[in-house]
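There are 6 protein chains.
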Amino acid sequence: MTSDFQRADGRDLDQLRTVRITRGFTSNPAGSVLIEYGNTRVMCTASVEHGVPRFKKDSGEGWLTAEYSMLPAATHDRMPRESMRGKVKGRTHEISRLVGRALRAAVDLSQLGENTINIDCDVLQADGGTRTASITGAYVALADAIAVLKSEGVVPGEPLLPPVAAVSVGLVDGHVCLDLPYEEDARAEVDLNVVMTEAGNFVEIQGTGEHGDFSREQLDAMLDSAEKGCRELIAAQRSALGI
Amino acid sequence: MTSDFQRADGRDLDQLRTVRITRGFTSNPAGSVLIEYGNTRVMCTASVEHGVPRFKKDSGEGWLTAEYSMLPAATHDRMPRESMRGKVKGRTHEISRLVGRALRAAVDLSQLGENTINIDCDVLQADGGTRTASITGAYVALADAIAVLKSEGVVPGEPLLPPVAAVSVGLVDGHVCLDLPYEEDARAEVDLNVVMTEAGNFVEIQGTGEHGDFSREQLDAMLDSAEKGCRELIAAQRSALGI
Amino acid sequence: MTSDFQRADGRDLDQLRTVRITRGFTSNPAGSVLIEYGNTRVMCTASVEHGVPRFKKDSGEGWLTAEYSMLPAATHDRMPRESMRGKVKGRTHEISRLVGRALRAAVDLSQLGENTINIDCDVLQADGGTRTASITGAYVALADAIAVLKSEGVVPGEPLLPPVAAVSVGLVDGHVCLDLPYEEDARAEVDLNVVMTEAGNFVEIQGTGEHGDFSREQLDAMLDSAEKGCRELIAAQRSALGI
Amino acid sequence: MTSDFQRADGRDLDQLRTVRITRGFTSNPAGSVLIEYGNTRVMCTASVEHGVPRFKKDSGEGWLTAEYSMLPAATHDRMPRESMRGKVKGRTHEISRLVGRALRAAVDLSQLGENTINIDCDVLQADGGTRTASITGAYVALADAIAVLKSEGVVPGEPLLPPVAAVSVGLVDGHVCLDLPYEEDARAEVDLNVVMTEAGNFVEIQGTGEHGDFSREQLDAMLDSAEKGCRELIAAQRSALGI
Amino acid sequence: MTSDFQRADGRDLDQLRTVRITRGFTSNPAGSVLIEYGNTRVMCTASVEHGVPRFKKDSGEGWLTAEYSMLPAATHDRMPRESMRGKVKGRTHEISRLVGRALRAAVDLSQLGENTINIDCDVLQADGGTRTASITGAYVALADAIAVLKSEGVVPGEPLLPPVAAVSVGLVDGHVCLDLPYEEDARAEVDLNVVMTEAGNFVEIQGTGEHGDFSREQLDAMLDSAEKGCRELIAAQRSALGI
Amino acid sequence: MTSDFQRADGRDLDQLRTVRITRGFTSNPAGSVLIEYGNTRVMCTASVEHGVPRFKKDSGEGWLTAEYSMLPAATHDRMPRESMRGKVKGRTHEISRLVGRALRAAVDLSQLGENTINIDCDVLQADGGTRTASITGAYVALADAIAVLKSEGVVPGEPLLPPVAAVSVGLVDGHVCLDLPYEEDARAEVDLNVVMTEAGNFVEIQGTGEHGDFSREQLDAMLDSAEKGCRELIAAQRSALGI
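Residue numbers (this note's numbering), protein chains in the order written: chain D, 21 to 263; chain E, 21 to 263; chain L, 21 to 263; chain V, 21 to 263; chain F, 21 to 263; chain Y, 21 to 263.
What the hints contain is simulated information worked out from the structure, not anything from laboratory work. A hint or two may mislead.
Identical chains share a label here; the pair holds if one copy fits it or two copies do between them.
Said to hold, decoys possible - Derived lysine-lysine pairs resembling DSS-like cross-links, with alpha carbons at most 30 angstroms apart:
{"id": "1", "residue 1": "Lys-248", "residue 2": "Lys-76"}
{"id": "2", "residue 1": "Lys-170", "residue 2": "Lys-107"}
{"id": "3", "residue 1": "Lys-76", "residue 2": "Lys-109"}
{"id": "4", "residue 1": "Lys-109", "residue 2": "Lys-248"}
{"id": "5", "residue 1": "Lys-107", "residue 2": "Lys-77"}
{"id": "6", "residue 1": "Lys-170", "residue 2": "Lys-109"}
{"id": "7", "residue 1": "Lys-248", "residue 2": "Lys-107"}
{"id": "8", "residue 1": "Lys-170", "residue 2": "Lys-248"}
{"id": "9", "residue 1": "Lys-248", "residue 2": "Lys-77"}
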């Protein structure tokens, strides 16, 4: 933990990569956003469907579900296409479920009417942090989709809750680094993904000692860094949405 | 067939939509292109893998294969994700096979060494003509990937053949229309996809009377229009590649 | 293209193989036909089901769908059974879709009532041209099935349209050859499948330069040959049906 | 159990349906047989592959495997195609395994060399007894395939063992009936399938009280009838093979 | 068949392994039983669901279905988990179907109301005879589940029929041995599974000459032994149930 | 958060349910443990296979992988069997991956030789906390399996690392509750699973605001409670293993 530790891209330890949020990236879905965390690029869309899944029928409430996927050529070495393999990998399932839970924390289903919002996060280019970028971008797409619903008059209330954003933080050579690119992520001792609300509360934390375990103190330091990152990401969401 | 037939977007009957070809759209694959035929947008990548499938082992030749897919939110109404359904639709299979055959006509496998080129065409936004845009864009990605291979010295010869491009043409209300957007495609009596070489020869023609059959004369008129379209598309490919 | 080109089976360039159509090949389906193009033998059946798929519900119209399959021992070397592999090959999907489109051109769905006709084409023995034989044979099975429906009084109108038949034509050593057996098909430079109505119009054309491309002149010569072949096949259909 | 019990097709209680065995039904597989038990028609083929599955590698022995399938239009009401459903039904698996075990009793694997024989039994028309007809027919196809192997000099010994045949017998309205057609099979209280060698020994017996149980005495009576049936079927096999 | 044949575990030829039946093994299903035939241990549960499958709708009758499965670590060498392979093996399907048929012989569906009983037999430890232990144990779970249904007042009549039990018997070195453990099962010439009612009638018999065929006399001797075994198993069922 | 909050089972807020660990639960796998957290019962086995997956070939290191599954009748309402559905649920995948990561933190792969340990966690009865019980139980099975490997002399070094255990903690009506049974888990605002080493470091933490988010202070309180629980669970592991 000498003072001469340097991140490959020259960032400070608690500095985000450049974040870019492009609304209206495609025109068919109600919300369509391209989000970039440095070289990581994810297309996040929010499509609206009338009606809800069976377990929500006649509840008067809406539903939100999410699917995450990597394009085969998104990674450094091309990965086989999951549709051709005939099954979805565990990692994909896991992230889809995470994105769904995170975004449901940003919507008041009781105000949505019996409508379903389908979030799709398709990674065009992967350089670490694809799941966290997906969540942050999907919130913006969700906001746009809800605005469409409201303008169409099909939403009875105000379903959009304040922003939710996500970032990764890790221990790299013993240093707490924010927003890991692939190169750092692959060799990090610990990887922590944090989903946070604007109020500074956690929606989800997932910390994994991939190559080692981590102490309570290290966790605390990582959470501090993540909190700083999420606040900046929420500012970027608000700026993109002009709210 | 009165003279007051008008295309919804105001184009002449034998006019292409605006074509845009963006090279280097993403950075991981050897070739990565965003092609646009009007509102249709397809990300076409060419990834290189050392080695060949079993049926080509020890042949001294390379191989090229292609996969086409639509992102779920590419269409007006979101379509279920094929990886989640656990199987690929017949349409997807059919187009993947078409793209593969078309691109193999643009590469001399005997000059490629025992390398495999994987073409991926992922439709980000669909407005008709996704299969033809895929072919035209994939040629540019292929050219870039082969240039990488050559610069790395792993390709023994000159595998790239002259351009191959593709366009759709159809009978709409009895009129031969070039490069159909979704709105025309959906109501066309006949739909013809043509893949053509720079020399003006056909690599593939697929004509379908979706809502009616077509005479030899109508076929001839459609082929004339397609030929004009392909020539313009090949010019756009050459311009994008600077060759 | 010297004059000493000879087809292995001694046929003229534009001569069909012997065509045999056996009606009532099996007794359970409403229509059941064994069609033979030389050594290619396909069992074509048309089964009738009351009701229509969801997208046709309450339309007052019927539907027709088709499935093509090869028995594992139909080919020279036994092929793995698709049901055991757990997925259908792209080629199978593609041909099933082709057969369905072709046969829908031979039935007026608005006259069928809300009934579904399932066409099954199961190749018992394969020697080239299985998809075209399937279409030609399936028309006869369809005609028989519609006759059953009419005799049962469940069909309101006259759904059967005039015959549709199909044939392959190809360029073999530069010669336009009609109705390719496997040996010619495997080495043909170009393979063109043509589906034609009795009126001489095209329902579908699919031309592929498997080992080379083809000029407009070659296409014209192939279409001439295919037209001759389809006319003879339609005569065989009419003769088999006694209409 | 009054004396006025009559079988719908007028047969005696212990009388087989007419058995027809057509060798050389198709030409690609080494053995190809159409077997008919009345209206039940099954195409049975035996294809030879050099090499054996992994668990038999370097054993010096061969292997035999079998697959049974119904064409979708074989039954009175069309059944969905298993390849399209993406999975094979339990019944199909069960019969494939039965056919494999039965035929392995008719071949001396130690005399086969490291070759694999694939038996395919595809039911063209079903009217009860399809699994037993499959076994009886497959023996004849197996004999033909082994003759081919011997003529090619690739089989070191004499792998063919004496005939194995199979028949169903059941209790219908309390009467022991041999070789049940569909109509009897569907309402039989008990259904017993028997696979027997020429020496009169059992290879397999499977008795099921579908709609009731059965006593030891009833079992004995059914076995007597099955034995008579199998002897006649073996005579038919020998007659077809001219041995 | 000399008199010095000894079973590895010292049992008499017609002696069962120790049978243990533990009711209430788990608490969520209506019936839950652990059955042990020596070292073979199967958890058998009977779960009740209101409603019936489509083919039984509005029949006024209930339904019973069964699934059998081996835990991956149940066998000496761990076997791949079927859920991960994405398909169920033929053997599993076959046994599930057998268990279902056997148990349906122990329930009067017309007295069950429109309820479905799901039998699950999960093998915790396998040492031969898992399918027969499953049947014997599942009867006890079924009895408990029906008692629950009756106590809840949802069953109109008395659906439980007298006990059904099952045992394997085989020819090992020419000797008829009852209740084969894995070591005997693997080398048995013949394997016969018998499902019997308390009245001494057969519900199902399945005899297979895995490594040889078997004569009528050998079958008779095996059935005698199996009958003795089933009577003792039914006594154990009655004792466990206290009826 | 009034002082009259009571847990349904009367436990203190930071009290574990009764933990029982039964070694040698089944005899075929090298390690086999039944672990109980109150009414939650999981069979955890560790099976050893010689050799490693491809990505570890010739590394000189071993591998450990894990699969988690629920028996269909483990839950209050029976759940469909995943092998029959043909695909594994996202939740199952997610937990299997978690268990694998957690257990790899308890084994020094470099000391294992090129052997693979397969952990199977099959839930016999579910009452909350099945994933955490799986991890805690699997450590004991792993220890037993490694002892077997060492006694067989196939393990070069000392692969077993100090214990790893896991527990859930949640916010229920605003109270931090340790080791949630199903009833509490279903209504908890927040659910946190913690995997900890004997040294008190984290291997994994997964916190989810299912019905609400959580503050940093609440997280700290939950981590305190989880740490207490893990220490007690590790004592139980040591006691069971007698180490």
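Status of the hints after comparison with the structure:
1. Lys-248 with Lys-76: neither (37 angstroms within a copy, 39 angstroms between copies)
2. Lys-170 with Lys-107: Neither: 37 angstroms inside a chain and 36 angstroms across chains, both beyond 30 angstroms.
3. Lys-76 with Lys-109: both (27 angstroms within a copy, 20 angstroms between copies)
4. Lys-109 with Lys-248: Neither, since 32 angstroms and 35 angstroms both go past 30 angstroms.
5. Lys-107 with Lys-77: both (29 angstroms within a copy, 25 angstroms between copies)
6. Lys-170 with Lys-109: Classified as neither; 36 angstroms inside a copy, 34 angstroms across copies.
7. Lys-248 with Lys-107: Classified as neither; 38 angstroms inside a copy, 40 angstroms across copies.
8. Lys-170 with Lys-248: This pair counts as neither: shortest intra-copy Cα distance 32 angstroms, inter-copy 46 angstroms.
9. Lys-248 with Lys-77: Close neither inside one copy (40 angstroms) nor across copies (42 angstroms); limit 30 angstroms.
The structure fails hints 1, 2, 4, 6, 7, 8 and 9 (numbered hints given earlier, in ascending order).
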